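> Going down the list, the protein sequences come from chains A and B.
Residue 1497 in the numbering used here sits at position 122 of the first sequence; the count goes up by one each step and never skips.
Residue 1394 in the numbering used here sits at position 19 of the second sequence; the count goes up by one each step and never skips.
Just so you know, these hints were derived from the structure itself, not from any lab.
Note that the structure is a prediction, hence the values are computed from the model and not measured.
Ideal placement from N, C-alpha and C gives every residue a C-beta, glycine not left out.
Any given hint could be a false lead.
Said to hold, decoys possible - To be clear about the criterion: a stretch of chain A counts as covered by chain B if any three or more of its residues have a C-beta under 8 Å from a C-beta of chain B, and this derived list gives those stretches:
id : segment
1  : 1408-1420
2  : 1593-1601
3  : 1715-1729
4  : 1775-1788
2 protein chains.
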Amino acid sequence: MRVYSTQRDPLNDILARKYAETADVSAIVQKIIERVRTGGDRALYQLIEEIDNVTLDSLTVSKAEIETALQTVSAELLEVMEQAKANILAFHQKQVRQGFASTEQNGVVMGQRILSLSCVGVYVPGGTAAYPSTVLMDVLPAKIAGVKKIVMMTPTDSEGNVPVAILAAAQIAGVDEIYKVGGAQGIAALAYGTETIPKVDKIVGPGNIYVATAKRMVYGTVDIDMIAGPSDVLIIADHSANPRWVAADLLAQAEHDKLAQAILVTTEEALIKKVQLELEQQLAELPRKEIAAAAIENNGKIILVQDLAEATDIANLIAPEHLELSVADPFALLGKIENAGSVFLGHHTPEVLGDYFAGPNHTLPTEGTARFYSPLSVDDFVKKSSYLYYTPEALEAAASAVELFAETEALIGHARSMKVRRDNDSTFAAKDKKSADRFV
Amino acid sequence: MRVYSTQRDPLNDILARKYAETADVSAIVQKIIERVRTGGDRALYQLIEEIDNVTLDSLTVSKAEIETALQTVSAELLEVMEQAKANILAFHQKQVRQGFASTEQNGVVMGQRILSLSCVGVYVPGGTAAYPSTVLMDVLPAKIAGVKKIVMMTPTDSEGNVPVAILAAAQIAGVDEIYKVGGAQGIAALAYGTETIPKVDKIVGPGNIYVATAKRMVYGTVDIDMIAGPSDVLIIADHSANPRWVAADLLAQAEHDKLAQAILVTTEEALIKKVQLELEQQLAELPRKEIAAAAIENNGKIILVQDLAEATDIANLIAPEHLELSVADPFALLGKIENAGSVFLGHHTPEVLGDYFAGPNHTLPTEGTARFYSPLSVDDFVKKSSYLYYTPEALEAAASAVELFAETEALIGHARSMKVRRDNDSTFAAKDKKSADRFV
């Protein structure tokens, strides 16, 4: 891994990152969306044949397929997924919000309600990126939010089958319907609906460039979670860190993607060589060593800093998806962290605990977007609605101010909406709410 | 206004709506964004000359300009804006959230922090759509959230000046910096930063098709609030409604935009004729009658329903931005409303109270997006960050489950991140957290 030093290297070099040179697939995706929007199910069957070279009998995963999956998957894996589910539910349950209402002067009532989305689509990628953990992480917060219908979209293998672990995870998480449609066509089906597939309110879940582009294009027609990029980790390590553990954690991130980013920020010059040696040894043993080596080459780096304050400054500038605080006193740093999706404190909290098991969500902001995006949460599956009630007295007290404001904005119709209520003096002046509300 | 009846007309006809036939300005906007991204301030000055035909001395609104504005605006308007500010702050203060932390078995600690965004850009349109109320509504929730820097972007008139009411509202709301850049170039400057203008974390505020397209294009580089369309209102009225007031409220919405939507849903056949007569009379007196008449023609409608249950069903399908419950017992309907940006209860709560004064935000989801979007709120100016701490005992208890999960996903580097900690038995088994954390 390339080594930088804040004492020696300019900040721009230290922060530089290699991004994917993404082809612009907008034109292709636009056509796919149009075909699905106008052609419905028939267009889907055709697109699946054209793009995936698969002929499906049905777009829907059958009950029999789910039953088979539950019987094929090992009892151990089912048990582990149930444990993970319990942990994820426990953490996300704490995110549930209440609305509020307040009563004010002159009998005014105002408030904000929290309402669950009605129907949500969860996209699950195919191939080697088909992760049952993502099914749990994306579906369970929606269940807690009270979403009435959760549908899953996922491509099949060449035989028209969905991986059994994905189907089992969907069943455990409580997905209502599963459809065998991947790619941009899957996103289009969720955004516009077809004869078989319901139009949803929001689409969540990761995907390739076609999926990401389609999500961006349908944003506004439906809501989306975020546009996710390659995964990343930043590890802050001091004298107390174990080089073997640090190297293993860097590689766990690097094995995800050739453009994944693994960064070590350390105060300890002596640690650097040890980590590099460990990286070399451990990399050689890794099944996905080709991917991990490319990631290390592309975006791996070690940054030597003067002290932990400088380390947290760097972390805040990079705004990592995952941040490990592999230091002696990790809680002393937590309050200094302003930009990070998820923070893992201490030597015994490897990031992989968060990927699968501990409870916090693993769908996190990537590519520095932790500056403004949040981990997926129950909040993503609710919306808010405000409300307001004025009495005749309250309206009278506010009338002249509102009229002046409306006139300033040259919206005379707005001012009139107040004035007509004033004209009608007998009603407006009525102090009895009931008679006022039922004056006709 | 066209009259529909749920007894007679098909639902699709009742729900049909005319949208803007928007030209695709993507290519133009893409070029503007590129010029600003690569050319910075110089590109901005050039674009402002080319597009707005204005030559600016400075991109920044000076302190002297703000002082002049505060002296030019009437004392009454300043006072009204201060009152509105107090009401808006009081309502939005109730939206402030706390993070949480919980301690679990085996010494696990996990939680979620709420962190304010660092820098936010507020876009304020020019011309007749330059509303000081929007400045208050967009800026004050950001102040409550604790945003460190709030910058405003707005085009100038042909003399290079920003309307005084806008500057006064910005001062009252607490905007930190104001720049004289409108359109797609203003959005690009906020997304990428220039020599003068800071790169922000999030852009909020309404704008024309160029602004909306630019916001969509920079979405992901920065966060955005939403893509807003023409305003709309839906009024549910029963026997107790006053036709004059109902008509005034429909027109207050219609005067915004030729594609604004004003809908009356009523159980009361006798009300329909009266409202139509009032509309005709009041429209004739309206300064913006041309716009309002076009809106009524394009998207105005009256829907006769059998009962209030049917009325709320229709409202939920349309998902209005503003919903007035002009009925005798409005609170009895509130719980039935699933999709609405902001709800106004009773005869004495015209929607314009919410536009200016009462407290709830007026930046609301349009075009049916209340299905999944929320009113602008303090939540829009914060992000969340989760954290996790495991002890050696907790790690040991979770290890086999996490390893199995990782192996199922064929991520052996993930499993290794757990295993290396097990191998180092002397440390992993250590029950004393301090010695474990400082084992080197």
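> Each of the hints needs a verdict: does it hold here or not?
To see whether the hints hold, each was checked on the structure:
1. 1408-1420: n = 0 at 8 Å, threshold three: violated.
2. 1593-1601: holds (count 5)
3. 1715-1729: As far as the segment 1715-1729 of chain A goes, the hint holds, because 15 residues have Cβ atoms under 8 Å from chain B.
4. 1775-1788: holds (count 11)
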